[in-house]
Amino acid sequence: MNTDDTRLPRRTVLKWFAAAAAAMHLPDFRADAQAAPVKGYGTDPDIAKFYQPGAFWPLTFTPEQRKTATALADVILPKDDLGPAASEVRVQDYIDEWISAPYPVQQKDRDVIVPGLEWIEAESQKRFAKDFATLSGEQHRAICDDLCWAAEAKPEFKKGASFFAKFRTLAASAYYGTDAGWKALGYIGNVPLATFDGPPPEVLAKLGVEQTVK
Amino acid sequence: MPVITSSKTQPEYDVAIVGSGAGGGQMAYTLTLAGLKVVMLEAGRDYDPVMETAMFQRPEHSPLLGTGTPDKPGNFSDATIDGGWTVPGEPYTQASEKEAEQFWWWRPRMMGGRTNHWGRMSLRNGTHDFKPRSRDGLGFDWPIGYEDVEPYYTKVEMLIGVYGTNEGMENTPNSPPGVLLPAPKARAAELYMQKHAKTLGIPVIPIHRAVLTKPLDADTIPAKLHPGDARAQKIVADSMRARAACFWATDCHRGCNIKANYQSTTVHLPPAHATGNLDVVANAHAREIIIGANGKATGVLYIDKKTGREERVKAKAVVLAASSGETVRILLNSKSSAFPSGIANRSGLVGKYIMDTVGVSVSGQVPALENLPPHNEDGAGGPHSYIPWWLYQEQHAGKMNFARGYHVEFGGTRGMPGGRNPLPDDLGRGAYGTKFKEEARRYFGSMVGYTCRGEMVPNENCFAELDPQVKDKWGIPVLRWHWKWSDQELNMVAHAQKTFASIIEAMGGNVRSKPEAPIDAIDPGGKIIHEVGGALMGVDAEKSVCNGFNQTWDVKNLFLSDAAPFPSNADKNPTLTIMALAWRTGDYIIEQAKKGNL
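Residue numbers (this note's numbering), protein chains in the order written: chain V, 1 to 214; chain G, 1001 to 1598.
Bear in mind the hints are in silico, worked out from the structure with no lab data behind them.
Only a predicted model underlies this, so the values are computations on that prediction, with no experimental measurement involved.
It cannot be assumed that every hint is accurate.
Here are the simulated lysine to aspartate or glutamate pairs, DMTMM-like style, with alpha carbons at most 20 Å apart [said to hold, decoys possible]:
1. V:K159 - G:D1425
2. V:K159 - V:D81
3. G:K1435 - V:D111
4. G:K1131 - G:D1148
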C-alpha cells in the first residue's frame, strides 16, 4: 500500500546491486567476503526490539554541531498548535544517527549535513555575529528565507539551499515517525481495533462517494 | 518431532522436502497429516513469528527510521532475515553487464521463506491462465486445467483464510459460496478512484488477500478438509483456534504475531509439527539430490551451515520447493553418470523459461483527497481493492499490441508516516515552520500510486544456468542469470503508464512520475519477486521437465512443488497457485506411495 513516493529509490537499489554484482564477478567470492566493507546492523538484527539513536553505531555531531542542528530543526518544525518542536522529540538525534550510519546513502548525506551545519553557523556569525542557536526568530527567518527553496535560491545560496532541503527532509522524516508527529499530520492508526468500519460518513460525504463493500 | 540438528535426523524418511515456504509448507502439511514421515531442509535459521515480529514499532523505534539498507533492503521491520537481493556468501552472477538484462533474485534465509513478508495477495488463476497458448498462440499451455486445480484452490482458501468477494468477472474465478472471508470496507481513496475509474470503463473490486477478517470456523472447516480423519481434523482445528482475526493495524510485510495472516510458519508448519511426523533441519543448504543405482532419488546432500559439514538425509521420495531459482540450481548441480547435465534434465530444459511479473509504477497527487478529516485507514495491512484485468475481449479480438493481462494494485491511503518526508519539495515550495506542518497535514493522504502486475510471456532469453567459475562459500556452483524483456512486456508497460495517468487525471489529480520510456520504467526482472518457471510442466517428456502432477519425467520419485513447473506466469500472484498445486501433488504422492509406484 505504499505509494510510489515511498518506494526505495530504484537507483539506490541498483547501486547496491551493482556493488554486489561487481563482487560476484570475482572468481573467489570468499576473498571479497573477507573484505566486508560495511559494518552495519547486519542481516539478522533483532527486529522486534525498540531502539534508540546510537544503538548500532557511534554518533557524529560535536556539541556545537548538535546545537546548530537542534536550533535549525526547531525553526523548520517549531512548537505550535499542531504539536511540539522538533527538539522535543529528539529530531536532532535521529539526524545524527542517520548521518553516522555506515551505509552508502547515509554517508552521502553526511557529506552534505556536516559541512552544511558549519556553513550556516558561519553565515550566522557573518550576518549577526551570534551563534545560530541564539538568533532571534526574525534573524533565523532572514537566513532561512534565503535557503528554503532551492529552485529559487540566489546563486550564492544554492549550496546552502541544497543543504537546507536535505536537512528539512531528514528532520521531517524523523518528526513524522513519532507519536507527536503522527498527531501533527493527522495519522491516527497503529492501534488495534475490534472492527474496521471504513471511512466515516463525513469523509464519504466530502468525496461524494458511498461505501461499496457491504 | 521439532526443528532439529543434522545429527538428530532419522535413518530414513518417506519424503524429504527442500524449502519451508508456501510450497514446502503445504507439502509438509499434506503429507504429515496423512501419516507420512517427512524431513524438511531449510537453508535459513529457525524463525518464530510470535516472538520476532515488529508489530507496533514506529519509525522512531528502528535504526534509520526503519528505512531500507543493504543489510535489510525492504525495511528494518520487514520479516526478511539474512537475505534480500543479496545473501552474504551466496552470490549469483549476471551474463550481461547491461542493467536491463539483469535479474534481481530475492532470497530470505529463514523458516517460512518469503511467506513471512509477502503481500498476501491470493488470486486464483482463471481458465484462460492455464491455456494461454491455445488462446493467443504464445508460450505454453499447462497440461492441467482450471478444473484440475479448482478443488485445491478451495481447500487452500479454507485452510489459510482469504478475504474477498465473488464478482463473476471473466478469468477472475469465483470461490464456492462461504469459502471467502468478508472483504474489508474500502478506503477513501479506493472509493474515490472506483467512482472515477468507472467513467473510463475500468472496474475496481475487492482484492483477495490471505488475512483473517474474522476467525476461521474451526468447528466446520477441518471436516471439509480432512473428511473421515478425526485426528487430522483435531490437529487442524487446534491450529485454526490459535490464530486471531486481524486487529486492523500493522503492515503485513512485517509478519503477524497474532497469526492473522498466512505465513507458512503460523499456518502450515504448526499442524505439521503437531502430527509428530515432521523433522525440520534449519541452516541446511541443499547441494544436490542423491541418485541411486536404480535411477531413483534416494535423498538430499546438504551443507550444515553451522558446522560447514556435508550431511545427507535419506528418503523414498524428494520434493524440491526451494523457489524456482534454487530448485534450478539444485537440479543442475545434481550431476551423475545417469544425468551428466543435471538430474531430471534429459530434455535440457532445466533453467529455461524463467518468468517474473511485469511491474511499472506511476504516482500522482489528488487535490480532492487533501485535508480529509483524520480517520484510521490502516485496515488489513495491505490493499483492500484492486483492478482485475478488464480487456480480455479486446485482446481476444486482436485489438491490442500485447497478448496477456495485468492487474493493478494501488496505494493512496493515510498509511503510517515516518522515515520519509510527507511534503515533497515541489509541493512545499520552500515552506518551513508552521507553514510546513500545515502543508504536510494538507497533503497527507492525497498521494496515490498505481502499480502494474502483469503477465510476462516466456521467452528464450530468460534463463538461469550454472556459472562456470563462481562458487558460493561452500564451493557450490552458483546461478548465472540471463534476462531480456520482449515487446510483449514493453507494450504492456506503455499501456499501463497511459492507463494510470488517465485514472489520476479522471480523479482531477496530477501525475507526479516523470515520463519514462517503457524499457527504463519497467521494474528489473526479478524485482517483483514472482520468479516462476525454470522446470516447466508439460505433456511431453522431450519438451518439459515434469508432468501435470509436478513429477519429473526422468526421476519418478522427484517432485517440484514451488513455481518452477509453471508454464506461464499469470498476472495473478503465484503463491496461492503454488500452494494449490503442492496440495494436489501431495495427494498424488500419497496415492502413488500406497500403490507402491514411487
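For each hint, the structure was consulted:
no. : hint              : result
1   : V:K159 - G:D1425  : 16 Å, holds
2   : V:K159 - V:D81    : 32 Å, violated
3   : G:K1435 - V:D111  : 28 Å, violated
4   : G:K1131 - G:D1148 : 13 Å, holds
Checked against the numbered hints above, the structure breaks hints 2, 3 and satisfies the rest.
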